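J.: Letter by letter, the chains look like this.
6 protein chains.
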Amino acid sequence: MSVKPISRYSVPDVLDLPEDMKELILGVQEKAGFIPNVFLALAHRPDELRAFFNYHDAIMLREGSNLTKAEKEMIIVATSSDNHCLYCVVAHGALLRIYAKEPLIADQIATNYHKADITERQKAMLDFALKISNEAHTVGEADFEILRSHGFDDEDIWDIGAITAFFGLSNRMANLTAMRPNDEFYAMGREPR
Amino acid sequence: MSVKPISRYSVPDVLDLPEDMKELILGVQEKAGFIPNVFLALAHRPDELRAFFNYHDAIMLREGSNLTKAEKEMIIVATSSDNHCLYCVVAHGALLRIYAKEPLIADQIATNYHKADITERQKAMLDFALKISNEAHTVGEADFEILRSHGFDDEDIWDIGAITAFFGLSNRMANLTAMRPNDEFYAMGREPR
Amino acid sequence: MSVKPISRYSVPDVLDLPEDMKELILGVQEKAGFIPNVFLALAHRPDELRAFFNYHDAIMLREGSNLTKAEKEMIIVATSSDNHCLYCVVAHGALLRIYAKEPLIADQIATNYHKADITERQKAMLDFALKISNEAHTVGEADFEILRSHGFDDEDIWDIGAITAFFGLSNRMANLTAMRPNDEFYAMGREPR
Amino acid sequence: MSVKPISRYSVPDVLDLPEDMKELILGVQEKAGFIPNVFLALAHRPDELRAFFNYHDAIMLREGSNLTKAEKEMIIVATSSDNHCLYCVVAHGALLRIYAKEPLIADQIATNYHKADITERQKAMLDFALKISNEAHTVGEADFEILRSHGFDDEDIWDIGAITAFFGLSNRMANLTAMRPNDEFYAMGREPR
Amino acid sequence: MSVKPISRYSVPDVLDLPEDMKELILGVQEKAGFIPNVFLALAHRPDELRAFFNYHDAIMLREGSNLTKAEKEMIIVATSSDNHCLYCVVAHGALLRIYAKEPLIADQIATNYHKADITERQKAMLDFALKISNEAHTVGEADFEILRSHGFDDEDIWDIGAITAFFGLSNRMANLTAMRPNDEFYAMGREPR
Amino acid sequence: MSVKPISRYSVPDVLDLPEDMKELILGVQEKAGFIPNVFLALAHRPDELRAFFNYHDAIMLREGSNLTKAEKEMIIVATSSDNHCLYCVVAHGALLRIYAKEPLIADQIATNYHKADITERQKAMLDFALKISNEAHTVGEADFEILRSHGFDDEDIWDIGAITAFFGLSNRMANLTAMRPNDEFYAMGREPR
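Chains as they are written, first to last, in this note's numbering: chain A, -10 to 182; chain B, -10 to 182; chain C, -10 to 182; chain D, -10 to 182; chain E, -10 to 182; chain F, -10 to 182.
Incorrect hints may have been included.
A pair holds if it fits inside one copy or across any two, identical chains being indistinguishable in the list.
[As the list claims (entries may be wrong)] In the PhoX-like style, the derived pairs of lysine-lysine whose C-alpha atoms are separated by at most 20 angstroms in a straight line are:
#, residue 1, residue 2
1, K112, K(-7)
2, K120, K90
3, K90, K112
4, K(-7), K20
5, K(-7), K90
6, K11, K120
7, K11, K58
8, K90, K11
9, K120, K20
10, K58, K(-7)
11, K112, K58
In case anyone wonders, no lab produced these hints; they're calculated from the structure. Just so we're clear, the structure is a prediction, and the values are computed from it rather than from any experiment.
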């Protein structure tokens, strides 16, 4: 296992964190078997760590979303790859493989989603996500119409935009801090179904 | 005064919002004399509104930052202009004029910060902010060294990066929702000192 | 009021200029109450100053144009902002506010004309102006057709193109000379109607 | 010889033009043996034609410039090629070959001036011209210093910038009007010295 | 005639080359009257020289192609100009003039094929070639449909793509080695028909 | 296992190929346990298939190269990712993991080589490869000097450039044909050492 630094910034001991953050992290560790480095790197500033995960949950765990868990991860992988964010491509690539039960899909979407084994509807979703990521100021009614023609409603469109916007923040923090993905993520979900 | 819609999405009645969000908004209204539209547009989803402002405060109100309030607004105006976000340029342009007590500075930074009446140190700060905004993946030790040579420490650099990343999210949400700046912002802080 | 230099180059005394240029400038001063810095900065070379304003007038004062004075300024503000020309955005933003009698419109167009309070016809005009500014070599019959469908005739289209081309020159000269907008321009036309 | 249209717009009969423009054009015809199409295409609007050539002469014929005639044409060919302006590359390519007495130089500069048979000083001049053409807003003291280190003074730098700015206007007008270079230009100056 | 170096790398004596390469080059010299420098520059590594021309012939001399010799050269000139490859623009510009029997066409296509004297079908061919050159990953069924609507079949499309891809390699090798076009090429084929 | 098509174009039966190509492919199959799809997709035109692999071997198997097999694959993965070529990123990512005996390295280089676990010398190599891929026309002596300062000689630099150029061709052909990577490649070399 690698002993490369997790972040350009100092990483606190989990046990020294505020009680709620300590519980959050130990809970994740118990479930996943390891602590994803994003928790440790952002714990350099516990208030921002707390705000980050509250915002994350408000977007990603919203009840009533018509996007599947795999589709949300597709958005993250496609936009994070375009932003060249190693942490997010590797960590969310693993989640995408697991949720989609497709061992090939994350590498396909990270490299060229136009050639990925996904539906036309999902390609339209990723077209929109990349437009929000790269030129949100030109988004207009015509873009909404395209998504509606694929069966997305306006709340779904907010979801696509909000996930893109939130992980755009995450990509920039990961690149700022030189956040290192845990070695465990690279191979997760690669066994064929 | 304009009666143009504030957002592409429906805007709830403030009085129908969860208690904490209602209090937040009414408090802002009391102080500012009006409700900035970002509160109303994001209130379409109260959980995201709450997460947004908690994250905002964690970054913008952090104790011990060496950046002045005006410098933080410079970062927001420069990156939001580069992202063509009308809401943020107009609203934070107003705040920048007020904090800096400089009626010209916001238009200068929004159009071309290289020609603005700011210090070389502040230009280096904005160079870095735009690099985080547009190509964070190439940021490296050399960029940190430049900022350190201008007297910024690594926590200041995190601040610059985090403000850029957070308002990058904000810019994308504002463009997604076609968020309209309040008319009041345009003229605020324009009277000469 | 600022005592920052008007230009990177030396600025002559108006009284030392050739008679016709002296008259031009004193006439403007009488009307406007101040001398816009573009006259002083370009007066570094009186022959170019003369040529500049003759060309300006040939395009901007052409009789029979179907573009309103406000529409011409919209073109200038949109393309000058895209070219990051501080002088032109600030000075022509003032003119736009005054001609349009709209205190908000210049900031809207400078930041993101897609979200400005203008007509679809005006947005098509600005789409074309930015295409001439950034990739004139790809302009073809299809672009003319779009403008004609909005009621522009071919002379209007020449106007749009010529204004864009002329202020593209102006933007480059202003950035070359670090031309400084007069402080007076920033606040002009901002009082609500 | 081609009978393709000279311009997307109507071209007047030279004899119907205002006296001064008629004289200008007939004088050029006498000297060159043909009328360069730029005169005819812009004659669609005689006032703009007059303004164009007055401005052209103020910049290109300025007494005391340290740039050679060939160097001025290098700037025009390099920036016009970058702007994909067929008229200017072909017509000024011919002038460049003639003034420089170098049959290969225009094609070299139009394709890749980094590989052209010109001096390091001339490459620095073209670097600056392309910076003015593409991102004038970032030009600053450091760029002036580079040119000064190659022996250019600040008036030379104004010349480089003004030629670039003026032909940027010309490139956009030529592309707007689909201005066609005269067939004669293509082969001029190609015989070896 | 110029005595500038042909390549940044050493160039072997033709007589020292492997027998097959020596024959190839002497054969070309006999036919053309001179040795095109691409043979000499690549002869720095005879195995790569051999592979280059075998691949070249497999693509360019394929029997049954519906593209004319001139059309193949149009693709090379348009994409090589976009890649700023002096050798290929000059050498293949000469071939294009000769095959097309059109003295103006190469300069037109190198500068702005949208304004060249070619058919709409040929413009569609060049649109596709530039898409393969610059963003092949976005090419899809819709692009094939456009070409089919102009009468190209799928084998023609492979030809367009393969020529673009092969000369993309060639452009990069020429720029890596600073390959110099023979002076002879510049003027070839310029005499009117 | 997937039954998605290997190529947009028809794929011949290996047994129907010319003898030398049949032997080549069956030899690869025996060694690798499967036939990499690049052989089958390019076999649509056997002459191009033969030329492709002869060229490939001339570059990749050159005796005396100072680049390791892993370093050559780094160049392929970095430039193919930048070109969004799914086939090459997946297939050569597998080879890179195997040659480097590093299960994480391919994903790191494909996403952001600046953050990969490689040496400064290897980063300089990839900087140069991407410059050749994206703007070879600006490569000059200064770029050679940087590489020499990292211990590369001019033959190594040719290798870096030639590998980049050849796989640039390969990337374009793979995207043209929608070449599908074999499922086997995705997981190869991922087991920790």
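J.: Decide, hint by hint, whether the structure agrees.
T.: Hints and how they fare:
| no. | hint | verdict |
| --- | --- | --- |
| 1 | K112 to K(-7) | between (36 angstroms within a copy, 17 angstroms between copies) |
| 2 | K120 to K90 | neither (27 angstroms within a copy, 34 angstroms between copies) |
| 3 | K90 to K112 | within (18 angstroms within a copy, 35 angstroms between copies) |
| 4 | K(-7) to K20 | neither (24 angstroms within a copy, 36 angstroms between copies) |
| 5 | K(-7) to K90 | between (30 angstroms within a copy, 17 angstroms between copies) |
| 6 | K11 to K120 | neither (37 angstroms within a copy, 33 angstroms between copies) |
| 7 | K11 to K58 | neither (26 angstroms within a copy, 31 angstroms between copies) |
| 8 | K90 to K11 | neither (31 angstroms within a copy, 37 angstroms between copies) |
| 9 | K120 to K20 | neither (35 angstroms within a copy, 37 angstroms between copies) |
| 10 | K58 to K(-7) | neither (31 angstroms within a copy, 25 angstroms between copies) |
| 11 | K112 to K58 | within (16 angstroms within a copy, 36 angstroms between copies) |
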